[in-house]
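> Letter by letter, the chains look like this.
2 protein chains.
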Amino acid sequence: MTADTLKLYHGASSPNSRRVRIFLAEKGVAVPLVAVDLGKGEQHGEAYRAINPRRVVPTLVIEDGTSIGEVPAIQRYVEERFPDTPLLGVTPKDKALIAMWDRRMEQEGFAAVMEAIRNRAPGLKDRAIAGPHDYAQIPALVERSRERAVNFMADLDERLKEAAFVAGDRFSVADITALVTIDFAAKAIDLQVPVELQSLKRWYDAVSTRASATA
Amino acid sequence: MTADTLKLYHGASSPNSRRVRIFLAEKGVAVPLVAVDLGKGEQHGEAYRAINPRRVVPTLVIEDGTSIGEVPAIQRYVEERFPDTPLLGVTPKDKALIAMWDRRMEQEGFAAVMEAIRNRAPGLKDRAIAGPHDYAQIPALVERSRERAVNFMADLDERLKEAAFVAGDRFSVADITALVTIDFAAKAIDLQVPVELQSLKRWYDAVSTRASATA
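Residue numbers (this note's numbering), protein chains in the order written: chain W, -6 to 208; chain V, -6 to 208.
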């Protein structure tokens, strides 16, 4: 289905943007994309700040011109508008458990990798936290964040010994967040899935070969 | 309404627990509470770890024995089961904007205050991040987190110049997160709302005097 009254502002290599693109692909909803050039700092320009004053991608702009920022908020909107192929759960219990697992994937995995790269990259000096304010990098965070990402992978492996997918027996948004985190860790901080984490490897092979993974 | 087939494990002075208690009070849903003594480390004991292996409060245990952890996941469950007095929005756009604002309140405010206290408190040495893993405190984070909390208040004041409540013209979960953050900042890091932030003060006076605030 094409939802051409919506517009998704995204960064081609932004992992947060990828979380939304995969979500849309899984649901089979095509939303016109508008690329924001993060390398050139386009997110700090006046035009984009009028769309999202937090200066971050992605942002979904809907029919009436309202901007929706923050990945889980965009995903919630898309799920409510296009309920087919639910990725946020169906029953109250489902919805809660998927929200719980998605949040853990984000806080324990995604946020840790993001923190490692933002406190290290020379190009992000004084930009240790995304948003409208400047914050100095804290080098000690780089190592601690990496340690968190390592623990994240080990914990996720344990979880995947007992469940086919992160939140249970069905693919959900929690798998998307975890997949993007694993790929982001490899690319941004050169952290690979250790070979001994066989359940994580089994899951990764399954989710990373879905058609949506290239979105 | 009494929902006595549910049980909420909480800490009396835990700000994350308070987020859920206020949410329930606003909805008029009474859930039996089970106190976990965080001061005595009860969350690390075998009994509680069987309920929540992440060793954090709150946890909602439902009829079939399933544990739901993470504040927004618990709130989602409660909203789905007890839809009266919606706090997470009604229309797709509402739901998305409330999710967006709630997340900003949490990431920019609540998480900053939490980070400041966890990286400073002598009792939390090597427990800088809640959860099953030990992480050393990073003293440089204390100042940066405080700076974030100060910016959070100024940004929220700006927002409240244009809206009665955080997410718009109605009270929502985003107000709960913001209220708990402001009170937590005063108590944990002695950060008060500056007198010149008059819109924030107007909002705080309104939300902190609702009956739910004592929950």
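Wrong hints could be hidden among the right ones.
Each computed DSS-like pair below joins lysine-lysine, with the alpha-carbon atoms no more than 25 Å apart [said to hold, decoys possible]:
no., chain 1, residue 1, chain 2, residue 2
1, V, K33, V, K180
2, W, K180, W, K194
3, W, K86, V, K180
4, V, K33, W, K88
Bear in mind the hints are in silico, worked out from the structure with no lab data behind them.
> Hint by hint, say whether it matches the structure.
Against the structure, the hints come out as follows:
A distance of roughly 20 Å separates the Cα atoms of K33/V and K180/V; the hinted pair therefore holds under the 25 Å criterion. A C-alpha spacing of about 17 Å is found between K180/W and K194/W, which places the hinted pair at or below 25 Å, so the restraint holds. For the given pair, K86/W sits about 34 Å from K180/V by alpha-carbon distance, which is inconsistent with the 25 Å threshold. About 33 Å separates the Cα atoms of K33/V and K88/W, which puts this hinted pair outside 25 Å; it is violated.
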